[in-house]
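Whole structure, please, built from the sequences with the hints as guidance.
As given, the protein sequences belong to chains L and W, one line each in that order. Going by the working numbering, 54 is the number at position 52 of the first sequence; the sequence numbering is gapless. Going by the working numbering, 874 is the number at position 53 of the second sequence; the sequence numbering is gapless.
Worth flagging that the hints you see were computed from the coordinates, not collected in a lab. By construction, the Cβ of each residue, glycine as well, lies at the ideal position given by its N, Cα and C atoms. The hints are all genuine.
Partial pick of chain L residues on the chain W-facing surface, computed with a CB cut under 10 Å:
#	residue
1	G41
2	E58
3	F60
4	A64
5	K67
6	H88
7	V100
8	K124
9	I129
10	V142
If the Cβ cut is set under 8 Å, some of the chain L residues that face chain W in the computed set are:
#	residue
11	T66
12	L123
13	H126
14	W130
Here is how the chains run, residue by residue.
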Amino acid sequence: MEHVSDKVRVQRGPFDAAAELERVKTASRRIGGVVLFVGVVRDFSQGREVTKILFEHFAGMAETKLAELRDAAISRFGLIDLVIVHRFGELLPGDDIVLIAAAAEHRAAAFDGCAWCIDELKRHVPIWKKEHAPDGAVWVEAHP
Amino acid sequence: MKVTVRYFALLRERIGRESEELDWDDAEPTVGRLRGYLADRAPALGAVLRGGTLLVAVNREYAAADTVLRDGDEVALFPPVTGG
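Written out as structure tokens, the structure reads:
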């Protein structure tokens, strides 16, 4: 049995989406579907060209909130397994930001659980992004 | 009493530091009173420090204005989160 902390991570380096998917998929033979969401840095945001994004997190609290989010999603949607990984530091357009892999017996729970997770993450997990553009950098204020 | 105050993101940049150890005493030591104290100390940032959008975590749990602080608490102040 893997430790729960493997299931929620905030890390600087890249993640391997295929490996995460495989790991979730093999958690149980009762899994009938996995929904995988990967958030990616865009080169354009709110009318501005984006050259890079700096992600800052509250180490310790971010992981705790992700673990609470994971527990809540599992019980709310009856998920069999759920992995959430978020990166911090400087990321470039095309880089992966966040991964959510939600596994359930049937697709509806997997889709709904995955969508709920990314929405809740954007609202409650202490992570912030500063978008850099050719004319300067701004901290993003809302969650589009 | 002593409290550690931590700042993140835009607030960290505007305050000009990541954290500070405060020696602070108040008859009603709540999160709201501490924010008032910090706002009075730095009038240029008063509106931000008192503002309704700022989030507060005490010992890494979200807290409200009436949350009572104790000696040794860690109080984190930060703007609305924008991860994902």
